[in-house]
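Enquirer: The whole structure should be built from the sequences, with the hints applied where relevant.
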Amino acid sequence: MTVVSSPLAGRVIGLDAVPDPVFSGEMVGPGTAVDPVREPGEAVSPVDGVVVSLHPHAFVVVDDEGHGVLTHLGIDTVQLNGEGFELLVAKGDTVGRGQPVVRWNPAAIEAGGKSPVCPVIALEAVGNSLGEIVRDGEVAAGDALFNWK
Numbered sequence: 001m002t003v004v005s006s007p008l009a010g011r012v013i014g015l016d017a018v019p020d021p022v023f024s025g026e027m028v029g030p031g032t033a034v035d036p037v038r039e040p041g042e043a044v045s046p047v048d049g050v051v052v053s054l055h056p057h058a059f060v061v062v063d064d065e066g067h068g069v070l071t072h073l074g075i076d077t078v079q080l081n082g083e084g085f086e087l088l089v090a091k092g093d094t095v096g097r098g099q100p101v102v103r104w105n106p107a108a109i110e111a112g113g114k115s116p117v118c119p120v121i122a123l124e125a126v127g128n129s130l131g132e133i134v135r136d137g138e139v140a141a142g143d144a145l146f147n148w149k
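Going by the UniProt record's numbering, 97 is the number at position 97 of the sequence shown; the sequence numbering is gapless.
Warning: the hint list may mix true and false statements.
Derived Cβ-Cβ restraints for the label pairs, each shown as a range [to be verified]: (1) D48 - E132: 16 to 24 Å; (2) G66 - A108: 32 to 40 Å; (3) E42 - V78: 13 to 21 Å; (4) L88 - E110: 28 to 36 Å; (5) D48 - G14: 23 to 31 Å; (6) E138 - R103: 36 to 44 Å; (7) E86 - R135: 23 to 31 Å; (8) A107 - D143: 32 to 40 Å; (9) V78 - G14: 16 to 24 Å.
In case anyone wonders, no lab produced these hints; they're calculated from the structure.
Glycine included, C-beta positions come from ideal geometry on N, C-alpha and C.
Expert: Structural data, given as structure tokens:
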């Protein structure tokens, strides 16, 4: 079983509250979302694994069980073309849970007209493979969001 932890501190809001139908409709996969604290900081890896996809606004880490977890930093942030994001690892790197992956400032994203809400998605999860999912409350980076069987 994989424990998926929060990549950042903030308030968990659940996918249904994400202002993007692709995420709120779980088209990418099930999971939850974090409305981050509005201060400069780092998004950390939610699991131990290998970085298989890395963009300034999003990254995927796959663990030893083959579970891929997408962390998407903000909504429509791909339109920023990397501005405001600093990559701290490279694609192919092995990372540990809690290791910083991207440095960013959610307040700057919001000031630029984008939502800083961060979906955390279990890619290719099927059926009831996720245990209880946290959908509300305050979290610190590293707090458990859900279990993946």
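Enquirer: Looking only at beta-carbon atoms, does the pair V78, G14 fall within the given range of 16 to 24 Å?
Expert: For V78 and G14 the Cβ distance comes to about 22 Å; the hint holds.
Enquirer: Go ahead and decide if the range 23 to 31 Å is satisfied by the Cβ distance of D48 to G14.
Expert: With Cβ atoms ~25 Å apart, the hint holds.
Enquirer: Taking 32 to 40 Å as the stated bounds, is the beta-carbon spacing between G66 and A108 within them?
Expert: holds (35 Å)
Enquirer: When you take the CB atoms of E42 and V78, is the distance between them in 13 to 21 Å?
Expert: holds (20 Å)
Enquirer: Does 32 to 40 Å hold as the CB distance between A107 and D143, or does it fail?
Expert: violated (21 Å)
Enquirer: Could you check the hint for me, namely that L88 and E110 are 28 to 36 Å apart, CB to CB?
Expert: violated (22 Å)
Enquirer: Is it true that E86 and R135 lie within 23 to 31 Å of each other by Cβ?
Expert: The hint (23 to 31 Å, Cβ to Cβ) holds, given that E86 and R135 are roughly 30 Å apart.
Enquirer: Is it true that E138 and R103 lie within 36 to 44 Å of each other by Cβ?
Expert: violated (22 Å)
Enquirer: Quick check on a hinted range of 16 to 24 Å for D48 and E132, using CB atoms only.
Expert: holds (21 Å)
Taken one by one, the earlier hints fail for this structure at numbers 4, 6, 8, listed in ascending order.
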